[in-house]
Amino acid sequence: MADNQTYYVPEQSKWPIVATVGLGVMMYGLASIMVDGKQGVDTMGAWITFWIGSAIMVYMLFGWFGNVIKESRSGLYSAQMDRSFRWGMSWFIFSEVMFFAAFFGALFYARMFAIPWLGGEGDKGSTNMLWEGFQATWPLLNTPDPEAYPAPSGIIGPWGLPLINTVLLVTSSFTLTVAHHALKESHRQKTKIWLAATIALALVFVCVQGYEYVHAYQDLGLTLQSGIYGSTFFMLTGFHGAHVILGTLMLVIMLIRIQKGHFTAENHFGFEAAAWYWHFVDVVWLGLFVFVYVL
Amino acid sequence: MQINDITSLNKQAVTGVFMSAVTDTHAQDDHHHGPAKGITRWLLTTNHKDIGSMYLIFSFTMFLLGGAMAMVIRAELFQPGLQIVQPEFFNQMTTMHGLIMVFGAVMPAFVGLANWMLPLMVGAPDMALPRMNNWSFWLLPCAFLILVSTLFMEGGAPNFGWTFYAPLSTTYGPPSTTFFIFAVHIMGVSSIMGAINVVATILNMRAPGMTLMKMPLFVWTWLITAFLLIAVMPVLAGVVTMMLMDINFGTSFFDASGGGDPVLFQHVFWFFGHPEVYIMILPAFGAVSHIIPAFSRKPLFGYASMVYAVGAIALLSFVVWAHHMFTVGIPIAGQLFFMYATMLIAVPTGVKVFNWVATMFRGSLTFEAPMLFAVAFVILFTIGGFSGLMLAIAPADFQYHDTYFVVAHFHYVLVPGAIFGIFASAYFWLPKWTGHMYDETLAKTHFWLSFVGMNLAFFPMHFLGLAGMPRRIPDYALQFADFNMVSSIGAFMFGATQILFLVIVVKCVRGGEKASAKPWDGAEGLEWTVPSPAPYHTFATPPEVK
Amino acid sequence: MRVQARRAGALLGGLMFPAMSMADWTLNMSPGVTGTSNEIFDLHMTILWICVIIGVVVFGIMFWSIFAHRKSRDPDRKPANFHENTLVEILWTVIPLVILVVMAIPATATLVDMYDTTEAEIDIKVTGYQWRWKYDYIDEEFGYFSNISTSDDEIYNRTEKGENYLLDVDNPMVIPTNTRVRLLLTANDVIHSWWVPAFGLKKDAIPGFINEIWTQVDEPGIYRGQCTELCGIKHGFMPVVVKAVPREEYDAWINEQTAAAQAEAELTEKDWTMAELMERGEKAYASACAACHQPDGTGAPPAFPALKGSQMALEDMQGHIDIVVNGSSGTAMQAFGDQLSEVDLAAVITYERNAWGNDTGEMVTPKEIFDYKNQE
Ligand code: HEA
Ligand code: HEA
Ligand code: CUA
Ligand SMILES: [Cu+2]
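Protein chains in written order, with my numbering: chain S, 79 to 373; chain D, 7 to 552; chain C, 1201 to 1576.
Watch out, some of these pointers could steer you wrong.
[To be verified] Some but not every residue of chain S turned toward chain C, in silico, with C-beta under 8 Å:
1) W195
2) S204
3) T205
4) M207
5) L208
6) K268
[Unchecked claim] Calculated lysine to aspartate or glutamate pairs in the EDC-like style (CA-CA distance at most 16 Å, straight line):
7) S:K262 x S:E350
8) C:K1573 x C:D1522
9) C:K1271 x D:E374
10) S:K148 x S:E89
11) C:K1483 x C:D1496
12) D:K450 x D:D527
13) C:K1278 x D:E160
14) S:K116 x D:E374
15) C:K1483 x C:D1370
16) D:K513 x D:D445
17) C:K1434 x C:D1352
18) C:K1271 x D:D527
19) C:K1325 x C:D1313
20) D:K43 x S:D297
21) C:K1443 x C:E1466
22) C:K1325 x C:E1412
23) C:K1434 x D:E94
24) S:K262 x S:E344
[What the hints assert, rightly or not] Residues from chain D that face chain S, not an exhaustive set, calculated with beta carbons under 7 Å:
25) F255
26) G266
27) S522
Hints were generated in silico from the structure; no laboratory data involved. We treat Cβ as the ideally placed atom computed from N, Cα and C, and that holds for glycine.
Excised from the complex, chain S in its bound form:
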């Protein structure tokens, strides 16, 4: 810890309070959209609130990150600062892991406990008295109360599009690593090419996923409302998809920054953070592929 002397403490900044207002307004708008929508009230005002909040958030993100980038590039940050960022990013990713863990937990619980009980097996098997005719299966192609939750007519098999998606994402992790190595060796052009390839793979992934959703909704009747299978399926893949999109945005910004000549072979934490995030998204997908699609 010999290099603590030059820790950079920023002066006053307006970004936190802008971010607070932005997030608050956005969330309030979002909640109003849902509540008003459910009550059949006009949601126009709620949407406006939501968009105002989102606009503030976008403004904030550009401003805040812009600030950080500027400070970093003017050499204000020490190696110690760099470590703070690294700890920050790692623990942020850990928190994301736990967020997904909650949904995986729901999936495992439904499969291992709830569904068998409802179907008359195990400890609370007498439950089946309430759901005559219901049989435990997974994937869940019948629900205890088909009127309330119509079951899907089919599900998405793992060895078609999901397999392709797996290949896409794993490859993208690989191309990203190549880009990173290139950056470390100061091969700018090579970095750009491989990074662009990564982004391309990510976009294809998102498109394939979108196609799969349309297929599920239109042809299979596999929806959010089709019982716990649909619920967990869309919750897990949906949040994963959202993370892919976020990660792709990060990568795009990194590409732009490289284009602008940011980063050096030694100092490119922004890039690394995006890369970590991308690998995390990839690993989550592997979990998804195994537990949502294959098993």
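Once you've looked at the hints, dock chains D and C with the ligands against the given chain S.
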């Protein structure tokens, strides 16, 4: 811009020298930066002391609000029959009281203490990520604005208890539930960022020479608390997101007719919920581990075992969640596992209690307000721990569960536990924060009135619970009347006493006997090496720790 | 042990509140009347005393330090400087561990005992509703609701409160003594929890799932408890009352109930007059609907709409029948089609359309309801 050459490496490290933040345009050099003037000081600040103060003020405000709700509860329960409020509103009060106290009062108070003290204790110039720090704070008022606004919405505020079990909170919840969910999300973001900041500060900003096993205990407990926060707040976010989907998008996570299970909600909630209760107590353990040695004038007994104990408590806290769910019908193997795991927590906690007692043993004890609160903490928290242990015994819990025995348990660990821990810390560090000594006589009065009021309010709840009074009811059978009255009287006494605390703090901020850099002769640590009040910027140059 | 516990409790209480006159309070858990409840009570006393003893030892040492090692006693007192001792640290880790094992043994035994799943003679399905219980005697094919019978006047302090204030119901559950009974617990809407302290039984009633519990009561009597899981506005007002009666009495009761259920079924065929329906409707309304819509039909808006003067009750007969029979999904308004007989459904709808100034003069007959239910 200027990077200052630090020339004078002052061991005591109180230089006003720090790095100016603004690039080129700002041409000032080494000088003693004070805070900005006016409201912008608070809105735009990046200073850990300012942010710490804001957290503490916010927390106390929430304590008064949550406390006022508790007063409504106690007033209604003063006598059998419905007198003051309708059951619907009573349920809203119970729910909001629990939520506000847990997320608004106790957690922010500890974050406030962390903000003030961690940089001072590890010899850092500020928190690791100062701007994010300010964001973490400001998100809290934002979240609570939304939460409290639900009281005025059609259909009323959340009324399903602070544990918001589905389906009461999903299919049967009031429309405001959606707002409640987003408020929880925002609080969660705030807590996670605050915790990340704490971890980064502790792992990365320690003064040279301060190895992990030389860290003050408050720092250690906060490190572990922050880890718990980062691990479980996202799980809370996950479970409220599932609720959101069930309410608004037709999923069936918690609905058996689609293959879900209401009990799934409880599993996920308590996976968050149990570590959460240790989040509310570990920092208090840390603070008490400073205060007792200071007023015993004797080093803390068993430093290393204290650290391991906190670690053990934190790890165990992940595998005990279902002790809140013994009556939902989990298979017997599960019951046994969760019972044993829960009981085990008594061991490391016991180690801590014994260490505190051993620290006092053969010391030279004085009893200023921080010490009074700390001693009461040890005794009363232990009583709460004992009742916790009784609750952990699964078969016995069938009788205790959801009765006032549980209410007694958790108020014993939370009020004389968390809240007394916070009071003790506040009195301990007030001289450092304000530069003045607080009024000792008033503080002792505050202590004794709180002590008596609190016991009067919460001890009889044990009897009520054992006699069979369920919790969360606005009205009760006649045999519970007498103890409820006693309890209400105690609660009013305890509540009114807290006004005194406000008076003491305001008085101390505005003036009083000047405090020296180290007002307590037994106190140890870097925070006592800087003057009182602590300058706006401290440790721009890290001190050397031997 | 038990007697001692009571004495100690009484002593403690006596010391704490000498001046208070307390008619009916207790300090401790009561041992109850079943094997399970007795085992739990003993377990409770064991762990309580262990905690008390540990407390006395730990706090004893602490108070002694506070007293003997205080600075004010000797201002020049030199504090000791020790801060470690591996031996005592190991000791006070291991000893509590041993104590815990000592506690865990009887706890495990008790728990295992409770899960004794040998066949029961009688099965009763217990369903929690907002806010009342339904008891279905599965083998006998009849069932009924059990509502709180404490009057609003008592609750709102307009009259003297009765002895069993809040703990009385119109139709208690009835079980025979000396017989093993199995309860199948479930719920219709939200989670409730069924508790009778004297039996040592508390289990959650979870919508969509069934939890099983067993009990055997040997002493005839009336036993009271309450719902113990927050289940909405009237969570505090859904008591559990169980009447344990000797076997002969139970059998007679069963016969009576079965006959009544039979007679009830035949009533659907009968020709009902307005006055008869109104009379019956008033009763059915009080027991099934008044909890939410209030006895005077004013409801508690916005949660529970008023029926007095409601558009639906005045004009929309089909809608009225539909909402009562099928409920309104996603709200507290349940489907009463399966809960009430055709007669009661007809009666209650007729009542709602003619009471409190809703003078539509319209009536629905049980037959119409029967046809409505079976139209698909
Ligand atoms: C700060 C908060 C806090 C803390 C520290 C604790 C600590 C403990 N809690 Fe508590 N608990 C709550 C807050 C807390 N709890 C809350 C809020 C609820 C209710 C939530 C709700 O439903 O709303 C609750 C509910 C709760 C339940 C569920 C009850 C029910 O709903 O039926 C249980 C059951 O096991 C339990 C157990 C314990 C145990 C074993 C500990 C242990 O950590 C205690 C360990 C301490 C000691 C044992 C004392 C010191 C030790 C010694 C002196 C050593 C020697 C002792 C022995 C060997 C016996 N708690
Ligand atoms: C840290 C957490 C914390 C704290 C500090 C407290 C503090 C208090 N609690 Fe709380 N409580 C909970 C956490 C906490 N509680 C939780 C989690 C629940 C469960 C909720 C649920 O079931 O969902 C609960 C539930 C709960 C109940 C059970 C409600 C029910 O089951 O229906 C009761 C009943 O007496 C109660 C009482 C009190 C009282 C009297 C205080 C007092 O200590 C408060 C004292 C403070 C003040 C009074 C404020 C200061 C003074 C003023 C504002 C001035 C006005 C004063 C007067 C007019 C006298 N609490
Ligand atoms: Cu039913 Cu509480
Ligand atoms: Cu717990």
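Hints, verified against the model:
1. The interface hint given for W195 (chain S) is met, as the beta carbon of that residue sits about 6 Å from the closest beta carbon of chain C, less than 8 Å.
2. Given hint, S204 (chain S) at the interface with chain C, holds; its Cβ is 5 Å from that chain's nearest Cβ, closer than 8 Å.
3. A cut of 8 Å between beta carbons decides the hint on T205 (chain S): the least distance to chain C is about 5 Å, and the hint holds.
4. At a threshold of 8 Å, the smallest CB-CB gap from M207 (chain S) to chain C is about 6 Å, leaving the interface hint in force.
5. Proximity of L208 (chain S) to chain C holds as hinted, the smallest CB-CB distance being about 6 Å (cut-off 8 Å).
6. Because the beta carbon of K268 (chain S) sits about 57 Å from the nearest beta carbon in chain C, more than 8 Å, this interface hint is broken.
7. In summary, the hint linking K262 (chain S) to E350 (chain S) is supported, as the alpha carbons are separated by about 11 Å, within the 16 Å threshold.
8. A distance of roughly 9 Å separates the Cα atoms of K1573 (chain C) and D1522 (chain C); the hinted pair therefore holds under the 16 Å criterion.
9. With a C-alpha separation of about 12 Å, the suggested pairing of K1271 (chain C) with E374 (chain D) holds against the 16 Å cut-off.
10. About 14 Å separates the Cα atoms of K148 (chain S) and E89 (chain S), which keeps this hinted pair within 16 Å; it holds.
11. With a C-alpha separation of about 13 Å, the suggested pair K1483 (chain C) and D1496 (chain C) falls inside the 16 Å cut-off, and the hint holds.
12. Pair hint K450 (chain D) plus D527 (chain D) does not hold up; C-alpha atoms about 19 Å apart against a cutoff of 16 Å.
13. Our distance criterion of 16 Å between C-alpha atoms is broken by K1278 (chain C) and E160 (chain D), whose separation comes to about 66 Å.
14. Between the alpha carbons of K116 (chain S) and E374 (chain D) the distance comes to roughly 57 Å, so the proposed pair goes past 16 Å and is violated.
15. Restraint check for K1483 (chain C) and D1370 (chain C): the C-alpha separation of about 12 Å stays at or below 16 Å, so the hint holds.
16. Pair hint K513 (chain D) plus D445 (chain D) holds up; C-alpha atoms about 8 Å apart against a cutoff of 16 Å.
17. For the given pair, K1434 (chain C) sits about 12 Å from D1352 (chain C) by alpha-carbon distance, which is consistent with the 16 Å threshold.
18. In summary, the hint linking K1271 (chain C) to D527 (chain D) is supported, as the alpha carbons are separated by about 13 Å, within the 16 Å threshold.
19. Between the alpha carbons of K1325 (chain C) and D1313 (chain C) the distance comes to roughly 22 Å, so the proposed pair goes past 16 Å and is violated.
20. Restraint check for K43 (chain D) and D297 (chain S): not satisfied, since their Cα atoms lie roughly 64 Å apart, outside the 16 Å limit.
21. Using a Cα cut-off of 16 Å, the hinted pair K1443 (chain C) and E1466 (chain C) is violated, with the two alpha carbons roughly 29 Å apart.
22. For a cut-off of 16 Å, the pair hint linking K1325 (chain C) to E1412 (chain C) stands: about 9 Å separates their Cα positions.
23. Only pairs whose Cα atoms come within 16 Å are accepted, and K1434 (chain C) paired with E94 (chain D) is accepted, the gap being roughly 8 Å.
24. A distance of roughly 7 Å separates the Cα atoms of K262 (chain S) and E344 (chain S); the hinted pair therefore holds under the 16 Å criterion.
25. Nearest Cβ of chain S to the Cβ of F255 (chain D): about 5 Å, under the 7 Å cut. The hint holds.
26. At its closest, the beta carbon of G266 (chain D) sits 5 Å from a beta carbon of chain S; the interface hint therefore holds under the 7 Å criterion.
27. A distance limit of 7 Å between C-beta atoms decides the matter here; for S522 (chain D) the minimum to chain S is near 27 Å, and the interface restraint is violated.
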